[in-house]
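Asks: Protein chains in written order, with numbering that gives the first Met the number 0: chain C, 0 to 309; chain P, 0 to 405.
Among the hints, a few may not be true.
Stated by the list, open to error - Straight-line distance between alpha carbons at most 20 Å, and here's what the computed DMTMM-like set of lysine to aspartate or glutamate pairs gives:
(1) C:K61 <-> P:D67
(2) P:K190 <-> C:D145
(3) C:K87 <-> P:E389
(4) P:K252 <-> C:D145
(5) P:K231 <-> C:D170
(6) C:K61 <-> P:D275
(7) C:K61 <-> P:E389
(8) C:K61 <-> P:D126
(9) C:K61 <-> P:E99
(10) P:K233 <-> C:D170
In short, the hints are calculated from the structure, not lab data.
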Amino acid sequence: MLSGDMTMTMTSSEWPSSRAALAKRVLPYALLSPAVIVTLAIVFFPMLQAAWMSLHDYILWKPNAISFVGLKNFFAAFHDEVFWISLKHTVIWIGLTIPSQLLLGLVTALLLNQEFPWRPLARALIIIPWALPSVVIGLMWVWIYDSNYGILNDFLLRMNIIQDSVPWLADPDTALYAIILTLTWQGFPFFAVMILAGLQSIPRSYYEAASIDGASKWRQFWHITLPGISGVLVTAVLLRTIWVANSIDVIYVMTGGGPGYATYTLPLYAFVKARTNLDFGYGSSLAVLFTIMLLGIVVVYLRKVGKGAD
Amino acid sequence: MKKSLSVAALAAAMMICGAAANAEDTVRFWYHFDNADNPMADLVAKFEAKNPGIKIKAENIPWNSYYDNLYTSIIAGNAPDAAMVKMHAQPRLVEMGALEPIDDRIAAWDGASDIQANLFDLTKGPDGKQYYLPVQYVVLYLYYRADMFKELGLEPPKTCDDFRNAAIKLTRDTNGDGRNNVYGFGFRGGKGGHDHWGSLVLSREGVSFDKSGLTSDAGVAGTQFVVDLFQKDKVFPPSAPNDGFKEVTGAFKAGTTAMTIHHIGSANDMVAALGDKVSATTVPECGGGRWTSFGDESTAVFSSAKSKDAAWKWIAFLSSAGNNKEFNESTGQLPVTKTDSANWTLHPKRFVDATIESLPFAHMLPNRPETSDFVNTEWPVNMQRALTGEITAKEMNEKIDKLFNK
Numbered sequence: 000m001l002s003g004d005m006t007m008t009m010t011s012s013e014w015p016s017s018r019a020a021l022a023k024r025v026l027p028y029a030l031l032s033p034a035v036i037v038t039l040a041i042v043f044f045p046m047l048q049a050a051w052m053s054l055h056d057y058i059l060w061k062p063n064a065i066s067f068v069g070l071k072n073f074f075a076a077f078h079d080e081v082f083w084i085s086l087k088h089t090v091i092w093i094g095l096t097i098p099s100q101l102l103l104g105l106v107t108a109l110l111l112n113q114e115f116p117w118r119p120l121a122r123a124l125i126i127i128p129w130a131l132p133s134v135v136i137g138l139m140w141v142w143i144y145d146s147n148y149g150i151l152n153d154f155l156l157r158m159n160i161i162q163d164s165v166p167w168l169a170d171p172d173t174a175l176y177a178i179i180l181t182l183t184w185q186g187f188p189f190f191a192v193m194i195l196a197g198l199q200s201i202p203r204s205y206y207e208a209a210s211i212d213g214a215s216k217w218r219q220f221w222h223i224t225l226p227g228i229s230g231v232l233v234t235a236v237l238l239r240t241i242w243v244a245n246s247i248d249v250i251y252v253m254t255g256g257g258p259g260y261a262t263y264t265l266p267l268y269a270f271v272k273a274r275t276n277l278d279f280g281y282g283s284s285l286a287v288l289f290t291i292m293l294l295g296i297v298v299v300y301l302r303k304v305g306k307g308a309d
Numbered sequence: 000m001k002k003s004l005s006v007a008a009l010a011a012a013m014m015i016c017g018a019a020a021n022a023e024d025t026v027r028f029w030y031h032f033d034n035a036d037n038p039m040a041d042l043v044a045k046f047e048a049k050n051p052g053i054k055i056k057a058e059n060i061p062w063n064s065y066y067d068n069l070y071t072s073i074i075a076g077n078a079p080d081a082a083m084v085k086m087h088a089q090p091r092l093v094e095m096g097a098l099e100p101i102d103d104r105i106a107a108w109d110g111a112s113d114i115q116a117n118l119f120d121l122t123k124g125p126d127g128k129q130y131y132l133p134v135q136y137v138v139l140y141l142y143y144r145a146d147m148f149k150e151l152g153l154e155p156p157k158t159c160d161d162f163r164n165a166a167i168k169l170t171r172d173t174n175g176d177g178r179n180n181v182y183g184f185g186f187r188g189g190k191g192g193h194d195h196w197g198s199l200v201l202s203r204e205g206v207s208f209d210k211s212g213l214t215s216d217a218g219v220a221g222t223q224f225v226v227d228l229f230q231k232d233k234v235f236p237p238s239a240p241n242d243g244f245k246e247v248t249g250a251f252k253a254g255t256t257a258m259t260i261h262h263i264g265s266a267n268d269m270v271a272a273l274g275d276k277v278s279a280t281t282v283p284e285c286g287g288g289r290w291t292s293f294g295d296e297s298t299a300v301f302s303s304a305k306s307k308d309a310a311w312k313w314i315a316f317l318s319s320a321g322n323n324k325e326f327n328e329s330t331g332q333l334p335v336t337k338t339d340s341a342n343w344t345l346h347p348k349r350f351v352d353a354t355i356e357s358l359p360f361a362h363m364l365p366n367r368p369e370t371s372d373f374v375n376t377e378w379p380v381n382m383q384r385a386l387t388g389e390i391t392a393k394e395m396n397e398k399i400d401k402l403f404n405k
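Chain P on its own, in the form it takes in the complex (with noise of 0.2 Å):
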């Protein structure tokens, strides 16, 4: 018993103790890197060394499980201080007193004024603050192997109908074995794939997730367009219901679908597998208009932080010249800063290229709630159904309306 006692007691001891290293001027940061070394820990090393009377804790939290994390920790009480956030999260962190506003640190901040322009106004916060403070951002774009394109005398295309010309021309057997083991387009039909059908489908004008938005004929034609692909042309891969980001690279990297949509945080491991035959251009214009998926990401001082001010001091040191650099480096994406933007080498020009002409129609999903539950599982599973033929197209976008618009 006594024992017992004093191992409970050598327990609680361990956590108070545990408690008190976090307390002041400690800043616990969570954020979520593909890259399995740590780059974090220059950036940490040289924050530290300006700042003495501050520690970062960094932890790299595995992305599978990013929000799952941050949304029990903090009903756990157990937040981070700061964290990277996507804005779909944000509604969500809002509603639940989460996040701390940070206008008033943003008005006292030098930086402020070197963060692209429309940054701020595209992270602003549901109820008109601002909580997030942008950090990286990719836009999403069609990958193409311009050898197979060239090799079939096809231009990259520009229309919905050009992409599934190209892609019906594009799947084919080039193996002699009399069975197609190249296809036209590698589709995300797994977590993630919202953006796949996104372009297809959102371009469409009067195509929106406001109410009737997706149940109108436009939007019951965009769906049916994608489901036609997989169903009657076959030009995506049979596996592609359940194909997410490793599936869908891996299969375009090894040459097994010509065509497929991510953004630039990828480019150079394509090129690394495909050198020239690799390239990019916007995502085709598809009835009428064009829609692509602006892949933003932020940080954030939660409300539960102990030191705000170090927590902010952090997260503003993040996104300056010079540190943005260096962080984005480490993720392959594109600084927020103008200096960093200005001279940036990281990506081969023509991906850059085909990330700056999509920004004018590159869109983000709603600022709502509804929004996780969309991408985590609406979208996914009833993707998924319409794909294999147990619902069709229509019944899909009435479930996703129903969700936005109960």
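Chain C extracted, bound-state conformation (with noise of 0.2 Å):
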């Protein structure tokens, strides 16, 4: 930090030219220098790894027969009808996910943006979701959702809605719905929060002149409020669509992919495949594939989306 500490007390003047630019040239990445090699160890050799690996026959408990196979496990992929099977399931995991965190997270901000008493209080109380660990959230919903004991089977039955108790995660027809619904609980805070910060930005002005030109509540929701938040929104989309489609925890701990493959996603697969089975080799090319494929989506919808939110 030599060099640091004497730019501050002494003005850039007093050195010879060439001494102080290149401490100013070099600082910078002096300064980064801890954070990227971090990022480079921990997030971007793993990456490579992972590309390597799926060029391989990489079983972990065969260590002497790792061999070269080029893209034999990517062919093997698109045979297996397992991959097939999670890959619907992401589909629908990720096209239910987003979109009720969204509407349920815009309806949220929208309501806590009104003048209440104890606004600040709700304001807190709607993060509990979002700040909960996954596990914790993935075994309350295990009990909820309880052919025996949950109380959502409890309340149906009273209810008179269902006959029978439904075992919601037992079932391969509603499991990956429970957990759907389980996650959009845990991350419409996220767009809540978001849409809030996104709507204080918005000045009272143009309510006030949109009021006085004679505009319904729906038409200043639709031309002030919304282009208001779109950037946020655009953002927040992207943001919980990479972690939604990733996030394997609360499938993990509520039915670890089953019944069967009923709630099997590709990162979950990929995650088994590895973790479980040891293949180490099959399970990376799963996961590169799956990185290609949410690349190709994000690529996509910034061209798309992100034009139109300009």
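Hey, can you piece these two chains together into the complex? The hints should help.
Replies: Have a look at this one:
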């Protein structure tokens, strides 16, 4: 930190110009390097390693039989029934979770943006689902859905909506949707908070001008509120899409992928293949495939929606 | 820069110190106990007092990821010096070259003659060498609610037909709300449930993991029997496809199920919840034979251990009379030494009897590398799909046959 201290105590004119210039050039890199090195070591190195493993027959308990196989693992994935099942579930998973979270978050944010007593408290409470660890949420909802003691079945039975307990998580027709509901509950506060921040940056005068012009509430929402928060929405949807797509913790805790493959998503399948079956080659190739797909979605999204927002 | 360098240097120094502390005569031992408080501490203290030159670092590794952690630690070069291990892991560990043969050490060990007769044969390695030293064992049997059987005038089931009839009668509505709240049998459809399935399927004549053993008519009929119990007779709780150990024992203790299959490890818990209302018998005879699971647990010395002598001393200590009793009082399983078995009083007699009566037809899963995948993914996934009607019983058996006989 010697050079840093010196530049602080002396003005640059007191330095020989070349040394000062050098110090100025090097300093930012020096300051950045710890973060960059850590990122390289814990993000980029494992990424490269995964890509390398995906091209090999890499089964952990056969350390002497690791061999280069080119794209074999990728072709195997395309002929793997479970890959397609998982892909279908991943599409449903993202396609339902994100819009539900967005909608619920939007409604919550609009409500919280109204004036009412105890508003700060309500705003603090709404963050709870987001602040709870996923494992706690998973275990909590397993109890809610429990077919013998669960509150959901009890409630629906008392309301006479169902005649017999439904094993929500043990029935392949409902398991995935039950977990999607859980994740929606967990993730909507993120949207609510982001959108609320966006709402507060819209000047009041816009609404006043609009109401003087006789614009209805709906038109105000459509022409002022939505454009006002569109930037926030684009970013929030992008971030959540990536997080939700990769999130396996809640699924893992609630069903472990079961019953059968009913709640397998691609990242979960990759995880099970690598961590449980110890087939790191195939697991990595699934992870690499999914990364490429997700990257494609993100690029298309930014091109289409990002442009619209401008 | 200098600061970050010095931090790095400090970290490196700490790692070296850590490695040094692990050197010579410290034995890192991995084990898994369900018991949350650490009963290992007493045994460690006792051992260290007797062997002043050796330090034991015993780590309780969570069961759900025990083997994931073990395999990855071996590959990462950070394996423990000794660990608790089960038979299904042995083929892989041998293939990885991770285990140290202990034939010579056993031959020179006084305690060897006190180990129950056939346990060394049962735990022999795939290459004929001995890597495992048995430390505890259990045999699975049928738990049943004696009070419910009596109330309905039923006898403990001797055959699969008895079993089905009893399960159908036991499945009923006892609180008068028009819905069944007691189910005949608590079936474990999640990981670990292959033991339940095995008793109802592998027992049948001609059924095995060998080629076409499961795809035979008898094999398919066995799996179909399980599927029908769930889909047609509805004698399992609706949550059965996902249920694991916690759910199955929980439901039995709560009175939601009238029968289930498990070993003596849960006997004291069951008695604490149900008292005399719970009893035990052997699993039923199905299709001309009986099959139940032998639950083994051994210890082994790892080939990467720095002091193999110290590691051996420690595991031999755990399997010696007296210590083995103490060990099994913590795990709730049964001791492997003749001395400790002779004066075993931890479990009520009816459960010890059921265990011993089950020994003649107790089996282990095939001693093959594929068995891990069978236990962890192939069986649970396909059983769940069969139970929920996504695949047929025949398709399930074909998948398992394919895994073992590619």
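Asks: Any hints this thing doesn't respect? Which numbers, in order?
Replies: Violated hints (numbers, rising): 6 and 7; every other hint is consistent with the structure.
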